[in-house]
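Using the sequences and the hints given, assemble the complete structure.
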Amino acid sequence: MKLVTKFIVLALMLTVLFGANLQAQRRVELLGAGASFPAPLMTAMADEYRDITNRRVTINYQSIGSGGGIRQFSEQTIMFGMTEAFLSDEVMRNIERNTGGKAFNLPITLADVVVTYNIPNIEKGLIFDGPLLADIFLGKITRWNDRRISALNPGVRLPRLPLQVVHRSDGSGTTNLWTSYLSKVSKEWETNVGFATSVNWPTGVGANGNEGVAGIVASTPGAIGYNSFSYALLNDMSYGYLKNSSDNIIPPSFDATSAAANIELPEDTRILFTDTPNPIGYPAAGFAWMLCYENMEQNNSINSKQQAEELIRFIIWAINEGQQLSEQLGYAKLPTAAVERSNAMIRQMKWRGEPIGRNILDNE
Amino acid sequence: MEQNYTKEHATKELLTKNRSILYRSFGDRLFSYSVFGLGITVILCTVLMALVLYGDGAEAIKKFGFFGFLTGRVWDPGITMEFGAYPFILGTLITSLAALAISFIPAISVAIFTAEYSPRWLSSIIDNLVNLIAAVPSVIIGLWGIFIFAPWMRDTFYTHIYMWFLDHYPTMLPIVGNPIGYGMTTAILILAMMIIPYTTVITVDAVKKVPKEQREAAYALGATKWEVIRMAVLPYARGGILAGVMLSFGRAIGETMAVAMLIGNRNNLPFSILGPASTMPSVIVNEFREAVENIHLSSIIAVGFYLFIISLIVNLIAAYIQRKFSLTGARTI
Chain A
153 MKLVTKFIVL
163 ALMLTVLFGA
173 NLQAQRRVEL
183 LGAGASFPAP
193 LMTAMADEYR
203 DITNRRVTIN
213 YQSIGSGGGI
223 RQFSEQTIMF
233 GMTEAFLSDE
243 VMRNIERNTG
253 GKAFNLPITL
263 ADVVVTYNIP
273 NIEKGLIFDG
283 PLLADIFLGK
293 ITRWNDRRIS
303 ALNPGVRLPR
313 LPLQVVHRSD
323 GSGTTNLWTS
333 YLSKVSKEWE
343 TNVGFATSVN
353 WPTGVGANGN
363 EGVAGIVAST
373 PGAIGYNSFS
383 YALLNDMSYG
393 YLKNSSDNII
403 PPSFDATSAA
413 ANIELPEDTR
423 ILFTDTPNPI
433 GYPAAGFAWM
443 LCYENMEQNN
453 SINSKQQAEE
463 LIRFIIWAIN
473 EGQQLSEQLG
483 YAKLPTAAVE
493 RSNAMIRQMK
503 WRGEPIGRNI
513 LDNE
Chain B
10 MEQNYTKEHA
20 TKELLTKNRS
30 ILYRSFGDRL
40 FSYSVFGLGI
50 TVILCTVLMA
60 LVLYGDGAEA
70 IKKFGFFGFL
80 TGRVWDPGIT
90 MEFGAYPFIL
100 GTLITSLAAL
110 AISFIPAISV
120 AIFTAEYSPR
130 WLSSIIDNLV
140 NLIAAVPSVI
150 IGLWGIFIFA
160 PWMRDTFYTH
170 IYMWFLDHYP
180 TMLPIVGNPI
190 GYGMTTAILI
200 LAMMIIPYTT
210 VITVDAVKKV
220 PKEQREAAYA
230 LGATKWEVIR
240 MAVLPYARGG
250 ILAGVMLSFG
260 RAIGETMAVA
270 MLIGNRNNLP
280 FSILGPASTM
290 PSVIVNEFRE
300 AVENIHLSSI
310 IAVGFYLFII
320 SLIVNLIAAY
330 IQRKFSLTGA
340 RTI
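Line by line, the protein sequences are chains A and B.
FYI, this note's numbering numbers position 294 of the first sequence as 446, with every residue one higher than the one before it.
FYI, this note's numbering numbers position 105 of the second sequence as 114, with every residue one higher than the one before it.
Hint data in this document are derived by calculation from the structure and do not stem from the laboratory.
One or more hints might be untrue.
[Claimed, not checked] Here are some chain B residues pointing at chain A (derived, C-beta under 10 Å):
1. E68
2. M270
3. F297
4. R298
5. A300
Note that beta-carbon positions come from the ideal geometry of N, C-alpha and C, so glycine has one too.
Encoded structure:
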């Protein structure tokens, strides 16, 4: 009897010890860094994914900005990067030369920008089109009762108020998206200002962050600025509707943003689809991308095949089930077109030549 | 007397000729090494900081030239990728100097009042409140500026000033600028408010340190209180006052968050009085995080390098002025 008890205790202890040991060995921390816009979504996904995997896989995401994300990804100090501006051809070439494989830009979520304004007694829903907005942000239209604004908004009594342009002063993906939209709809904007995370603004005052632009717009009658859609929603700001390339008036919504990306995408998804050809798509929307290497063993921060596999599993989860978290946090869901492209890229991911991406997609 | 002399002599000899005797015990040596080491660390940190700033900014400095970058007027991260720091240097100098000029008289007056006129309980209240201004984080001041100060200034002053010029001197409007409220003047006023404590606190100390005999002598000559302050106290304290002013100036040059939130961040010349402008710290804090292109990032760090040099020059001038103008007991006024 005594011996049996001893044996059972011993066996239990061994199981616990061995089990814990196994668990500890398989515990994985995925290290990523980059854009600040998708950071709240990443945090929520990280929490959810840790629960799903019984605290086995944790994701450590540092929101250091798109530029920092691309730089650290190239220097291989992180397992995945995150950016609101896709990798340039030059960076893609450098990576292909250094690692013998491609760098993948995997769409992870969608960003959208709305035009926000402050006109006494006028709520949301003023209608703008691309050329008009470009001319406003070029400083060519100076009063709210301008003929071109009233032409788009018949029946709205617009005041003779000076139009005050407010833009982001800090570099941001929102600015990248907004200026890319203005570049697509106006030749003059494209040649004189261009698009980037920060540009040489021809007019207006600059404010720091979404909250800075919102603050100035809210306290300045006659102000017009741009904010991310979720920020405008949460803060109850007046925002405008945009006329897209098919001449449909699109009120900003998560569905319209997803629709904007549901188009014929290039294989590497490196596309700015602002001014989308989709007739029901919202024209000022764009991807945020996750960055990964094709030959994952070449990334110095990934030490084992197991880590690479866990990273792939997390990416697959994030672009499928993980998207359920999007709308409650103010992000639009990825459309099927983007998920398909991502799957095709995941299939090509390898560990020392072994197609682990394809294996995981096909077997699990 | 003679015994005294020999004792002093012996000490002196010990200190000058046989220094090693001072560091005989282990504790002495340990202490002197660690103090030496920490002192050197500060120097090393400063030198390394300058080196890193130069190293990371070298790409931009090389591309545009040391003086080319300094005088370049274009800052275009969108199309031409051309960068020049001149607008920011100009913005920094204008805002800091103007803030200094505006804050000087009020700051000195508060200091004289608390040090010379007010009863003790009142001066301790004022001192604490002045210190409190310095303790408020600049981002809080910036928020207050965005939501309260700037809209109030716009409605109370800027719009009327703009309208007056519109009616009387419409040609001056490009100089007056956009009365939106977020611009150079607002930033200067907020900066002036933020640097007052630095001048005031140091001036109070300097005024309190003026020897009693100095005042008594002036009173004995029949001077009134105002004359005592003007002729005996202020000249004696001017070294300290100047030190406070230079400290404030250094603070104004480096102030980042409140300025970035209120100045309107216009990156190209010409600036106007009410309209938006920008400074060296504001462009760094604005564009550093999301600078994707290498030359853009390098230019931002180069701006930091020039800011470092300007601060260094200001500090050197401050040290020189202070040495030249401070009065020691031996000198006459």
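Exercise for the section: Would you settle whether the hint for B/F297 is holds or violated, based on the nearest Cβ-Cβ distance to chain A being less than 10 Å? Expected result: Hint holds; B/F297 Cβ to chain A Cβ min 8 Å, cut 10 Å.
Exercise for the section: Mind checking the CB of B/R298 against every CB in chain A and telling me if the closest is under 10 Å? Expected result: 4 Å, holds
Practice task
Could you check if B/A300 really has its C-beta closer than 10 Å to a C-beta on chain A?
Solution key: Result: holds, 5 Å to nearest chain A Cβ.
Exercise for the section: Could you check if B/E68 really has its C-beta closer than 10 Å to a C-beta on chain A? Expected result: Where the cut-off is 10 Å and the nearest Cβ of chain A is about 14 Å from B/E68, the hint is violated.
Problem - Supplied contact hint for B/M270, tested at 10 Å Cβ to chain A - result: B/M270 check passes; min Cβ-Cβ to chain A is 6 Å, inside 10 Å.
Hint 1 from the list above is the single one not met by this structure.
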